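For this one, chain A is given, so just place chain B on it according to the hints.
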Amino acid sequence: DTGVSQDPRHKITKRGQNVTFRCDPISEHNRLYWYRQTLGQGPEFLTYFQNEAQLEKSRLLSDRFSAERPKGSFSTLEIQRTEQGDSAMYLCASSSATETQYFGPGTRLLVL
Amino acid sequence: QKEVEQDPGPLSVPEGAIVSLNCTYSNSAFQYFMWYRQYSRKGPELLMYTYSSGNKEDGRFTAQVDKSSKYISLFIRDSQPSDSATYLCASGGNAGNMLTFGGGTRLMVKP
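Residue numbers (the working numbering), protein chains in the order written: chain A, 608 to 719; chain B, 206 to 316.
The shape of chain A in the complex, shown without the other chains (with noise of 0.2 Å):
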């Protein structure tokens, strides 16, 4: 399978606690994306890579969320100190330059 890849799948983790989220892109894309989706919401755009570079965040993106991708392949999204708010499902995708971004599974976290 060559698609976005996604993990894990599932985290429950206590408030407060540190998560971390890992998303393979599809191998020839250049650019990474992270989105948030609540429950009967569209995805909401948190930040994107061009390569190893974060060109975008939302004001979503508070200081307790941090993204990267050091190598311009994979990348991890980082929540600390997580709260109730925080629960959701964290979508990745992927794109080259010249077309349109193609989505992971997600990740669902519940924090409880």
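Check the hints yourself; a few may be wrong.
[Claimed, not checked] Some chain B residues judged to face chain A by a derived CB distance under 10 Å, without partners named:
id: 1; residue: V209
id: 2; residue: Y237
id: 3; residue: Y241
id: 4; residue: G248
id: 5; residue: L251
id: 6; residue: Y254
id: 7; residue: T291
id: 8; residue: A295
id: 9; residue: M303
id: 10; residue: G309
[As the list claims (entries may be wrong)] With a Cα cut of at most 30 Å, we get these calculated DSSO-like pairs of lysine-lysine:
id: 11; chain 1: A; residue 1: K664; chain 2: B; residue 2: K275
id: 12; chain 1: B; residue 1: K272; chain 2: B; residue 2: K315
id: 13; chain 1: B; residue 1: K247; chain 2: A; residue 2: K678
id: 14; chain 1: B; residue 1: K207; chain 2: A; residue 2: K664
id: 15; chain 1: A; residue 1: K621; chain 2: A; residue 2: K664
id: 16; chain 1: A; residue 1: K664; chain 2: B; residue 2: K315
id: 17; chain 1: A; residue 1: K678; chain 2: A; residue 2: K664
[As the list claims (entries may be wrong)] Computed footprint of chain B on chain A; a stretch qualifies when at least three of its residues, placed anywhere within it, have a C-beta under 8 Å from a C-beta of chain B:
id: 18; stretch: 629 to 635
id: 19; stretch: 669 to 677
Since the hints were derived computationally from the structure, they do not count as laboratory data.
Predicted, not measured: the structure shown is a model, and the values here were computed from it.
Virtual Cβ for every residue (Gly too), placed ideally from N, Cα, C.
Quick look at chain B alone, frame taken from chain A:
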């Protein structure tokens, strides 16, 4: 007001019906328009991709964009129970930038 608006539904139709799903948007800079299908607890799956105004057809699916009225449509012909899902419209300023999504319309096709 959200930049992309979509009726949340649910929309319930009998099998074989023609389905019309619609979105409106407010940002004149949007040039790319997509439709994604999302099954419960899954990631969005790209269905249609259109640049600027016009129509695009792919099998049972037809996407229409009218930039003058900022209106986006997806038509599904001969709808099937397997089409039951949430349909998300999305718009972007260019192919590489962030997408702005509508809230999704839940479609139910009854056998």
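Checked hints:
This hint holds: B:V209 has a C-beta 8 Å from the nearest C-beta of chain A, less than the 10 Å allowed. Against a cut-off of 10 Å between C-beta atoms, the interface hint on B:Y237 holds, since the closest Cβ of chain A lies about 7 Å away. Interface restraint check for B:Y241: the shortest CB-CB distance to chain A comes to about 7 Å, inside 10 Å, so the restraint holds. Nearest Cβ of chain A to the Cβ of B:G248: about 4 Å, under the 10 Å cut. The hint holds.
This hint holds: B:L251 has a C-beta 6 Å from the nearest C-beta of chain A, less than the 10 Å allowed. With 10 Å as the threshold, the beta carbon of B:Y254 comes within range of chain A, its nearest partner Cβ sitting at about 5 Å, so the hint holds. At about 9 Å, the closest approach between the beta carbon of B:T291 and any beta carbon in chain A falls short of 10 Å, and the interface hint on this residue holds. For B:A295, the interface hint holds, since its Cβ comes within 10 Å of a Cβ in chain A; the closest pair sits about 8 Å apart.
The beta carbon of B:M303 is positioned within 10 Å of a beta carbon in chain A (closest approach about 4 Å), and the interface hint is therefore held. Nearest Cβ of chain A to the Cβ of B:G309: about 5 Å, under the 10 Å cut. The hint holds. At roughly 26 Å between alpha-carbon atoms, A:K664 and B:K275 fall within 30 Å of each other, so this suggested pair holds. Pair hint B:K272 plus B:K315 does not hold up; C-alpha atoms about 33 Å apart against a cutoff of 30 Å.
The straight-line distance between the Cα atoms of B:K247 and A:K678 is roughly 28 Å, inside the 30 Å bound, and the hint therefore holds. With a CA separation close to 19 Å, the supplied pair B:K207 and A:K664 stays within the 30 Å bound. Simply put, A:K621 and A:K664 have alpha-carbon atoms about 26 Å apart, close enough for the 30 Å limit, and the pair holds. With a C-alpha separation of about 41 Å, the suggested pairing of A:K664 with B:K315 is violated against the 30 Å cut-off.
Our distance criterion of 30 Å between C-alpha atoms is met by A:K678 and A:K664, whose separation comes to about 19 Å. Look at the stretch 629 to 635 of chain A against chain B: 0 of its residues bring a Cβ nearer than 8 Å to a Cβ of that chain, fewer than three, so the hint is violated. By the rule of at least three residues with a Cβ nearer than 8 Å to a Cβ of chain B, the coverage given for the stretch 669 to 677 of chain A is violated, with 0 such residues.
Hint compliance for this structure: hints 12, 16, 18 and 19 are broken, all remaining hints hold.
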